Amino acid sequence: MTAPDTVTRAAASPDRPQPYAELGLTGPEYERIRQVLGRRPTDAELALYSVMWSEHCSYKSSKVHLRQFAAKAPPSDALLAGIGANAGVVDIGGGYAVTFKIESHNHPSYVEPHQGAATGVGGIVRDILAMGARPVAVMDSLRFGPAGAGDTRRVLSGVVSGISFYGNCLGLPNIGGELAFDACYAGNPLVNALCVGVMRHGDLKLATADGPGNQVILLGSRTGPDGIGGASVLASATFGGSGDGGHAAKRPSVQVGDPFLEKLLIECCLELYRDGLVAGIQDLGAAGVACATTELAAAGTGGMRVRLDAVPLRDPALGPPEILMSESQERMMAVVEPADVPRFLAVCARWGVQATVIGEVTGTGRLEMTWHGDTVVDIPPGTAADECPVYSRPLARPAWQDKLAADDPAALPRPSGASGLRATLLSLLGSPGLADKTWVTEQYDRYVRGDTVLAMPEDGGLLRVDDETGLGVALATDGNGRYALLDPYAGAQLALSEAYRNVAATGARPLAVTNCMNFGSPEDPAVMWQFAEAVRGLADGCAVLGVPVTGGNVSFYNQTGAAAIQPTPVIGVLGVHEDVRRRLSIGFAADGARIVLLGRTEPEFGGSAWAQVVHGHLGGRPPRVDFGAERALARVLADAAGSGAACAAHDLSDGGLGVALAESCLRGGLGCRVTLPGDAFTFLFSESAGRAIVAVRPGAETEFEQICAAHGVPAAAIGAVGGHRLEVADAFTISLVELAEVHRGALPAIFG
Amino acid sequence: MSARIGVITFPGSLDEGEAARAVRRAGGEPVALWHGERDLRGADAVILPGGFSYGDYLRCGAIARFSPVMAEVAAAARAGLPVLGICNGFQILCEAHLLPGALTRNAGLHFVSRDLRLRVENVRTPWTRAYAAGQEITVPLKSGEGAYAADAGTLAALESGGQVVVRYLGNPNGSARDIAGVSNEAGNVVGLMPHPEYATSELTGPGADGLGFFSSVVCVLMGA
Chain A
14 MTAPDTVTRA
24 AASPDRPQPY
34 AELGLTGPEY
44 ERIRQVLGRR
54 PTDAELALYS
64 VMWSEHCSYK
74 SSKVHLRQFA
84 AKAPPSDALL
94 AGIGANAGVV
104 DIGGGYAVTF
114 KIESHNHPSY
124 VEPHQGAATG
134 VGGIVRDILA
144 MGARPVAVMD
154 SLRFGPAGAG
164 DTRRVLSGVV
174 SGISFYGNCL
184 GLPNIGGELA
194 FDACYAGNPL
204 VNALCVGVMR
214 HGDLKLATAD
224 GPGNQVILLG
234 SRTGPDGIGG
244 ASVLASATFG
254 GSGDGGHAAK
264 RPSVQVGDPF
274 LEKLLIECCL
284 ELYRDGLVAG
294 IQDLGAAGVA
304 CATTELAAAG
314 TGGMRVRLDA
324 VPLRDPALGP
334 PEILMSESQE
344 RMMAVVEPAD
354 VPRFLAVCAR
364 WGVQATVIGE
374 VTGTGRLEMT
384 WHGDTVVDIP
394 PGTAADECPV
404 YSRPLARPAW
414 QDKLAADDPA
424 ALPRPSGASG
434 LRATLLSLLG
444 SPGLADKTWV
454 TEQYDRYVRG
464 DTVLAMPEDG
474 GLLRVDDETG
484 LGVALATDGN
494 GRYALLDPYA
504 GAQLALSEAY
514 RNVAATGARP
524 LAVTNCMNFG
534 SPEDPAVMWQ
544 FAEAVRGLAD
554 GCAVLGVPVT
564 GGNVSFYNQT
574 GAAAIQPTPV
584 IGVLGVHEDV
594 RRRLSIGFAA
604 DGARIVLLGR
614 TEPEFGGSAW
624 AQVVHGHLGG
634 RPPRVDFGAE
644 RALARVLADA
654 AGSGAACAAH
664 DLSDGGLGVA
674 LAESCLRGGL
684 GCRVTLPGDA
694 FTFLFSESAG
704 RAIVAVRPGA
714 ETEFEQICAA
724 HGVPAAAIGA
734 VGGHRLEVAD
744 AFTISLVELA
754 EVHRGALPAI
764 FG
Chain B
307 MSARIGVITF
317 PGSLDEGEAA
327 RAVRRAGGEP
337 VALWHGERDL
347 RGADAVILPG
357 GFSYGDYLRC
367 GAIARFSPVM
377 AEVAAAARAG
387 LPVLGICNGF
397 QILCEAHLLP
407 GALTRNAGLH
417 FVSRDLRLRV
427 ENVRTPWTRA
437 YAAGQEITVP
447 LKSGEGAYAA
457 DAGTLAALES
467 GGQVVVRYLG
477 NPNGSARDIA
487 GVSNEAGNVV
497 GLMPHPEYAT
507 SELTGPGADG
517 LGFFSSVVCV
527 LMGA
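The listed protein sequences correspond, in order, to chains A and B. For the first sequence, the numbering used here begins at 14 and goes up steadily by one. For the second sequence, the numbering used here begins at 307 and goes up steadily by one.
Be a bit skeptical, because a hint or two may be false.
What the hints assert, rightly or not - Partner residues aside, some chain B positions facing chain A, computed with beta carbon under 10 angstroms: (1) Leu320; (2) Asp321; (3) Phe372; (4) Pro446.
Stated by the list, open to error - Residues from chain B that keep clear of chain A, each with C-beta distances beyond 12 angstroms, as calculated: (5) Ser308; (6) Arg310; (7) Ala326; (8) Asp345; (9) Arg423; (10) Thr460; (11) Gly468; (12) Ala505; (13) Leu527.
Hints in this document: simulated from the structure, not taken from any laboratory. In this text the structure is predicted, and so the values were computed from the model without any measurement. All residues carry an ideal CB built from backbone N, CA and C; glycine is no exception.
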């Protein structure tokens, strides 16, 4: 091992060339670092700035747009911690708070699907744990290339097995999410993982390092050479002569997860919180020790001294830059008062979790790191954590946008006659994006912890939080890249509308929003325009709906060569359920219940499942957004759940009413007979927003009508639950057996 | 007084909370037991819950069987203490040779989480007395290594000795003879892969068919 680059050496060799470009820094960014430090950075400092100023950690291209989430945030007394914390924290009453967040792990999941997806779950769970909450459930929003493509089989099977392996072993129920297919994701799948945690109000933990003298403790896994593709650049470029450069460069850049260790880490941290032994805490994710130390120091009194040689290593060949950049999983960093250190270490020992004091909080305002006595980092931590250069990247509405909008699906041939409508419905139900997802969800444990009230294929996941009162939380994630391609502003709002509606369909009241913005390269003005429009749409939508954005994640560079994915804002909505015993399922299970269609149906087919599945078409305008209608619909659903007037509810989205009726029949095991109140094709397949179907409890018909009238929601009684067939008057009949064969057989036929 | 039923927590146990809830729903008093202590805290019966003890490293249940508490469990089980192993707990009991056979990788190689119909074959054990012979129940299964395997002689002995306690109606994982759960010769030690503790409430499970496992042992212990 060669001697490390120290601060003294850096001052003495100002002109030594440094591989800043290989680490992803621009010339001006490198100059800025030199300016801040008044000298060239050491190798360790260069590594630290390069990861902290990466797009992933710094949000340097998105920050100027994301500010709208705070600026336009609706007044909400439910928010205990918002954007900027590891995850937003929402008051749900009864002394409880919940914290939730969604995050992408797209690129690693393409390179190594199983570990990429597994560590995506692990990372978001630690975010939630770091807030002081017990993680209680996960969800996954997944997008892949065409279902029939060979590589999709590799990627999807690996991603699902990774989520199953990690989440099941952690003991977190998987309660829902999404699965979609489109050619644009073939070389760039989307794997967005959401976690939700529960705590009592007083338990909120903050990621700050306050109080000079407090000890900094690293706990969990030893640090190894995981995910340090960048550091190997440094190794080969500047540690020349060691002969290790070539070896290091061949190391995998995807991290490997150990869910057993994470489970121990969770229980250990919760016991440390309970015993009051933690003054501040931060999870280690992207940029590992570099990120945790700079952010803790920058958010606290500003100073920290760290002995990098004290970090327990899995590979003794690692030097300061690699240790700083390593993304080894299952690690946390805690700030602990000196008197509490022995008890802290004892709790860790009881859980078999390795814990090591690696430094202390100081009052110097500097983040200093030593390596066997030599100073290798000496920086003002705020410059790395918060003062990355911010870019207003050029944006331009793509030239093809108008042409795409003009390509109206109204011109597409529609099915003629009863048999055509029947065949169309069956082809939608058997298409991979709309087919039954059991092949995937059966690999996830939805029961563990015993509080899962609703899980897939329900509209939203629903968890009980309080055994006595029945207080609970509902969650849904939604996104539609097709809508967003046609109009990114509306696309983000439609995703928000759908997630909001899905939460409402369980009988819950929507409270807060998280988001994962999946886009192509921010250096492409067209992509940047899509991103800016989507953020503006979401911020405006949240303001109107009265649900604040509490946090989220931006994933750029989702593209293969020059071809970007469809802009894909994935929106998660969290709601509070006053009494989960009064939840609404999508299933038709009450014989004779009246079926009511809520909302207005217009002939809206732009970006629809029908246009995609039948015609391979994408053009025109997405469905119209109407937040007033969404709010009113949500109130009807909450009131009807609360009073018991409704016994089932299902939101209408992809595929429209026809698909929703079939899903409700199959879920509940009973058929239905409906008469459509207008053009059969439009009513069966339009994707107008702001709609749901409700099965009304027999005897409560008048009460339900009054609830709809009180909120001004159009309600059409279209039929009744019963029998074992889906029967559309004057059109067609399909037996539940045939529906099940088509709907449930599709994915197993493709994936085995 | 009430029936005190121990529920062990191993590192990586996941279902001990719901097992304790099921005990309470059946009228018993759950007693938390810790893997590292050679102490059953006076429990009148013991449940080994599901999960991934020790990360399922080496083999499911292979490390947990050597934990200090298991020495006490083994001795007490041989003396007649009612012991129930669910999922990973079943795997641990097999590894500890308190039950015959072994659990292997599911036939489809995937983790399977599904509500299943089961038939209760033996209602003479302290864990199944509340059921009627041949009663069909719905209970969730959630496991990746749940395929029951044993040599032909052992299987024949299980059948003739009435040690097959529950059987799958529709084999989900390739288990020999559709076996979902077995007992030891004495009948006091029972293990099964499906999770009756998650079928003790209409709200969070497929129904309450699983409650009988817990109410059975409570009845036995209370001398009812």
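To see whether the hints hold, each was checked on the structure:
Hint on Leu320 (chain B) holds. Least Cβ distance to chain A is approximately 3 angstroms, under the 10 angstroms limit. About 6 angstroms separates the beta-carbon of Asp321 (chain B) from the nearest beta-carbon of chain A, less than 10 angstroms, and the hint is met. Restraint check, Phe372 (chain B) versus chain A: the minimum CB separation of about 15 angstroms is more than 10 angstroms; hint violated. Proximity of Pro446 (chain B) to chain A holds as hinted, the smallest CB-CB distance being about 5 angstroms (cut-off 10 angstroms).
With 12 angstroms as the threshold on Cβ separation, the claim that Ser308 (chain B) sits away from chain A holds: the shortest Cβ distance comes to roughly 19 angstroms. Under the 12 angstroms C-beta cut-off, the non-interface status given to Arg310 (chain B) relative to chain A holds; the minimum distance is some 21 angstroms. Against chain A, the non-interface label of Ala326 (chain B) is violated: not every CB pair exceeds 12 angstroms, the least being about 10 angstroms. Under the 12 angstroms C-beta cut-off, the non-interface status given to Asp345 (chain B) relative to chain A holds; the minimum distance is some 16 angstroms.
With a least CB separation of 15 angstroms from chain A, Arg423 (chain B) remains clear of the 12 angstroms interface cut-off, as annotated. Chain A leaves Thr460 (chain B) outside its interface by the beta-carbon criterion, the shortest separation being 29 angstroms against a cut-off of 12 angstroms. Remark: the non-interface label on Gly468 (chain B) is consistent with the geometry, its nearest Cβ contact in chain A lying 30 angstroms away (cut-off 12 angstroms). With a cut of 12 angstroms on Cβ distances, Ala505 (chain B) falls inside the contact zone with chain A, its closest approach being about 9 angstroms.
The beta carbon of Leu527 (chain B) is kept farther than 12 angstroms from every beta carbon of chain A, the shortest such distance being approximately 23 angstroms.
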